[in-house]
Amino acid sequence: MARRIRFPRSRALAAAAILVVAILSVALVYRQRPPVLHVQSGFEMGTFVEIRAYGGKNAADAISRGFERLREIERLMSTSIPESDIAKLNTAQPRTPVQVHPDTAHVVSSAIAYAQKTGGAFDPTVGKLVELWAIGSGNETVPTSDEIRDALLGVGYENLVVDSKQSRITRLTDLRLDLGAIAKGYASDEIVELLVAENISGGVVDLGGNIRVFGRNPLRKQWRIGIQDPFRPRGSYIGTVDISSGAVATSGDYERYFVADGVRYHHILDPESGYPASPQLKSVTVVAETGIEADALSTGLFVLGLDEMFDFIENVPSVGVIAITADRRVIVSSGIAHAFVKASEDFEYEIR
Amino acid sequence: MRSGDKILVLAIAAAAVLSLLMRSQGTSGGAVAEIKVGAAVIERIDLSAVTEPYTKTVYTGNDGYNVIEVREGMIRVVEANCPEQVDVRQGWISSPYESIVCLPHRLVITILPAEPQRRDIDGVSY
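These protein sequence lines map, in sequence, to chains Z and L.
Just so you know, we're using this note's numbering here: the first sequence kicks off at 1 and counts up by one.
Just so you know, we're using this note's numbering here: the second sequence kicks off at 1001 and counts up by one.
Hints are not guaranteed to be accurate.
Stated by the list, open to error - Not everything, but these chain Z residues come out facing chain L in the computed CB check (under 10 Å): (1) A12; (2) A15; (3) I148; (4) D206; (5) W223; (6) I227; (7) T250.
Just so you know, the hints here were simulated from the structure itself, not pulled from any lab data.
Quick caveat, the model's predicted, so the values are computed rather than measured.
Note that beta-carbon positions come from the ideal geometry of N, C-alpha and C, so glycine has one too.
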């Protein structure tokens, strides 16, 4: 028979007390776990969308409304939905004002502003060019130079007039409007506004790689966003950028493209030449305060090319840029260099 | 039993109950791959329980299909009839939050983490 081990009574009491304290402190630590995460994903605006929200009593409900807002924006601004404002505008008689939703008028006038700022490198009036190349449709061919010349006829943001008060838009020429390089950014801002109004403490809106973050991140001090490695599969990143709030958007030549006679044609078209822009670039990532700015400028700066893009952002201190070249250089603008951490040895990194 | 022993027994019982409660709050087990088409979850596969590698075909509607290969701890799309083959080129995924997206077929494969709060980065801009 085993001998019963006897503790003096006082020791047993002390041990019990210590145990209770330990249990209580562990319980307390668990009580302070990060706020609950709510995630919802789906396919909207022709891309994979994920909304993540931390905290808030009705986070799931708020996210659902975010998705609803996304569909609303798509119904207004898609080129392929015949009832959309943009489709109505594109098929109306030129020089005839078309009544649109105030949201559409807002996005179009923002698009014109970014077109002005980038000297037309970003231009929402290249719809015919986008239709002609039809990159991503699956049956692409290289257009003839005559076809490209025709598609560029009447192109130019100066041929678009927005009456913001009356929410009316007029095309002065037979141009085709395409908000594909700005609508997602706008939508991400709208969703964030909605989530903040619902007292969500922090979150991430990811619209096909257009990323918008806000509020407090329970996982770390700031939000950490990876920058896609253009030479490797989706999800591999060359580095990360830490931001407390704002947007990160990337335009890359690897997203949509086709190859004909050994030549690669990507979907970021130069409104001036009518051909895919900046062959020396693989991608341009823009870090900005809003999604609409990051989205529009990632396209605009890609078209401007390496040197002009860094001239441009010298005058826009709130915007950061990470450009990746075909010869495997990563060029980070000095304004966000402190927030950038490299994650790949396959590139040469420089700050400009 | 002395009263000190009683306290000890009670404390141990409390500890046992609490630790059980905490276990059920956290999640346990290895990585699980979730396969979705659109909003519908087609399948959840416990990757740690896969002994023999196998493939299975997911039909995604409109004559679309993706052939998925599963091995212990990892999953990939090995073949699909989508135009760009982004999913096939991506290869194996195995880490929490990694995902494969086949946009034309609305297919998403995500590795669900064992510990939901652990996340190296908050997103990838592409």
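With a cut-off of 10 Å on the beta carbons, see whether A12 of chain Z makes it to chain L. Status holds, d = 3 Å.
Chain L contact restraint for D206 of chain Z - C-beta distance below 10 Å: Hint on D206 of chain Z: holds, closest Cβ of chain L at ~5 Å, below 10 Å.
Interface hint outcome for I227 of chain Z [beta carbon to chain L under 10 Å]: holds (6 Å)
Is the hint on T250 of chain Z kept, meaning its closest Cβ partner in chain L is under 10 Å away? Given a least distance of 4 Å, the restraint on T250 of chain Z holds.
Does W223 of chain Z hold up as a contact with chain L if the rule is Cβ-Cβ below 10 Å? Since chain L brings a Cβ to about 5 Å from W223 of chain Z, closer than 10 Å, the hint holds.
If you take the shortest Cβ to Cβ gap from I148 of chain Z to chain L, is it below 10 Å? With Cβ-Cβ at 23 Å, over 10 Å, it is violated.
Status of the hint placing A15 of chain Z at chain L (closest C-beta pair under 10 Å): OK, holds: A15 of chain Z within 10 Å of chain L, min 7 Å.
The structure is inconsistent with hint 3 alone, although it conforms to all the rest.
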